[in-house]
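Colleague: The residues making up each chain are set out below.
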Amino acid sequence: EAGVAQSPRYKIIEKRQSVAFWCNPISGHATLYWYQQILGQGPKLLIQFQNNGVVDDSQLPKDRFSAERLKGVDSTLKIQPAKLEDSAVYLCASSRAGQGGDEQYFGPGTRLTVT
Amino acid sequence: DAKTTQPNSMESNEEEPVHLPCNHSTISGTDYIHWYRQLPSQGPEYVIHGLTSNVNNRMASLAIAEDRKSSTLILHRATLRDAAVYYCILTSYNFNKFYFGSGTKLNVKP
Numbered sequence: 057e058a059g060v061a062q063s064p065r066y067k068i069i070e071k072r073q074s075v076a077f078w079c080n081p082i083s084g085h086a087t088l089y090w091y092q093q094i095l096g097q098g099p100k101l102l103i104q105f106q107n108n109g110v111v112d113d114s115q116l117p118k119d120r121f122s123a124e125r126l127k128g129v130d131s132t133l134k135i136q137p138a139k140l141e142d143s144a145v146y147l148c149a150s151s152r153a154g155q156g157g158d159e160q161y162f163g164p165g166t167r168l169t170v171t
Numbered sequence: 140d141a142k143t144t145q146p147n148s149m150e151s152n153e154e155e156p157v158h159l160p161c162n163h164s165t166i167s168g169t170d171y172i173h174w175y176r177q178l179p180s181q182g183p184e185y186v187i188h189g190l191t192s193n194v195n196n197r198m199a200s201l202a203i204a205e206d207r208k209s210s211t212l213i214l215h216r217a218t219l220r221d222a223a224v225y226y227c228i229l230t231s232y233n234f235n236k237f238y239f240g241s242g243t244k245l246n247v248k249p
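First to last, the protein sequences are chains B and C.
57 is the number of the first residue of the first sequence in my numbering; add one for each residue after it.
140 is the number of the first residue of the second sequence in my numbering; add one for each residue after it.
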C-alpha cells in the first residue's frame, strides 16, 4: 500500500510571498489532516477534512492560511502572505474513517523556510 | 481536549526494556490512548493504541492502569533505531483528533 505523498519536500521563500503544499492521502482514506510542526515542538493540527468537508479548522490562521480538498482525495494547503513565524514542517496525514481508534498515517512533510 | 503529561526525556541501554510513562488524569471513559513516535526528520508513525485492556503488537506493549489515568508504553528490547520522540495522545471514541504534547525524547545508548 502506497503511503501518504507530499510535495515539495523543501521550500524556501521570502516573507510576504505565497506558497502551496500538496498532499495525496492513502487510497480510500476518508479523513485528511494538515499539521504544522515548529522545531522542537509536537505537531499542531491546522485542519481536518472528512471527505471533502471541513470538520475542524479551529487552529487554522484563516487570514493567511487556506486549504481545500476537492473531490475528497488530494489536498492543497496555501499560505498567503507568509510570515517568518510560518517556518516549520507541514505534515499531512490520513486515516480510514476518522474514528477514535483509527490509525493516522503521516507523510514525510514539507519543510518551509521563510526568510 | 484531554491532555497528557510525559517526561521530557529518558535514556535506555541497547537491548534492555524501556518503560515510557504517560499520565492522563482527565481521560474520559470513551477516550482511546494512542502512542506514536517520530524519528529525526520523519513524520510521526503509529506504535500502538488501546481503550481499556493491555495491548501487544510486534513493536511494543501498552499497559493501561485500572483507573485509566495513566499508561505505559513498553519496548521490550530497545535498539538504536528506537531513539525517537514518543507521543502519548488521547482521542475521543468517535472523533480522531490528535493533540500532540511535547512527547518524551528517548535516547538509546549502545
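These aren't lab readings, by the way, just hints derived from the structure by calculation.
Please note that the accuracy of each hint is not assured.
Claimed, not checked - FRET-style restraints, in silico, Cβ to Cβ:
1) B:Q73 - C:P179: 23 to 33 Å
2) C:K248 - B:T132: 35 to 45 Å
3) B:D119 - C:K208: 37 to 47 Å
4) C:R220 - B:V110: 13 to 23 Å
5) C:T191 - B:D112: 41 to 51 Å
6) B:G157 - C:P156: 22 to 32 Å
7) B:Q115 - C:K244: 37 to 47 Å
8) B:D130 - C:P179: 44 to 54 Å
9) C:E155 - B:V110: 43 to 53 Å
10) B:E141 - C:F234: 27 to 37 Å
11) B:P64 - C:K142: 32 to 42 Å
12) C:R216 - B:Q73: 30 to 40 Å
To be verified - So the derived list for chain C, only partly shown, Cβ under 8 Å to chain B, looks like this:
13) Q181
14) E184
15) Y185
16) H188
17) Y226
18) F237
19) S241
We put the CB at the ideal spot given by N, CA and C, even for glycine.
Colleague: Hint validation: Y226 (chain C) versus chain B, beta carbon distance must be below 8 Å. Holds or violated?
Modeller: Since chain B brings a Cβ to about 6 Å from Y226 (chain C), closer than 8 Å, the hint holds.
Colleague: Is it true that the C-beta distance of E155 (chain C) to V110 (chain B) lies inside 43 to 53 Å, as the hint says?
Modeller: Given range 43 to 53 Å: holds, Cβ gap about 46 Å.
Colleague: Should the hint that Q115 (chain B) and K244 (chain C) are 37 to 47 Å apart at their CB atoms be regarded as holding?
Modeller: 24 Å, violated
Colleague: Holds or violated: 30 to 40 Å for the Cβ distance of R216 (chain C) and Q73 (chain B)?
Modeller: 48 Å, violated
Colleague: Verify the CB-CB distance for E141 (chain B) and F234 (chain C) against the hinted window 27 to 37 Å.
Modeller: Hint holds: Cβ distance 29 Å, inside 27 to 37 Å.
Colleague: Return holds or violated for the Cβ distance of Q73 (chain B) and P179 (chain C) against the range 23 to 33 Å.
Modeller: Holds, at about 28 Å.
Colleague: Kindly confirm whether 37 to 47 Å is satisfied by the beta carbon distance between D119 (chain B) and K208 (chain C).
Modeller: 39 Å, holds
Colleague: CB of T191 (chain C) to CB of D112 (chain B), is that within 41 to 51 Å?
Modeller: Violated - the Cβ-Cβ distance for T191 (chain C) and D112 (chain B), about 26 Å, lies outside 41 to 51 Å.
Colleague: Next item in the hint list is E184 (chain C). Is there a CB on chain B closer than 8 Å to its CB?
Modeller: 7 Å, holds
Colleague: Could you check if H188 (chain C) really has its C-beta closer than 8 Å to a C-beta on chain B?
Modeller: 6 Å, holds
Colleague: Honestly, do G157 (chain B) and P156 (chain C) meet the 22 to 32 Å range at C-beta?
Modeller: Holds, since G157 (chain B) and P156 (chain C) (Cβ atoms, about 26 Å apart) stay within the stated range.
Colleague: Does the Cβ-Cβ separation between P64 (chain B) and K142 (chain C) fall within 32 to 42 Å?
Modeller: 34 Å, holds
The earlier numbered hints that this structure contradicts are 4, 5, 7, 8 and 12.
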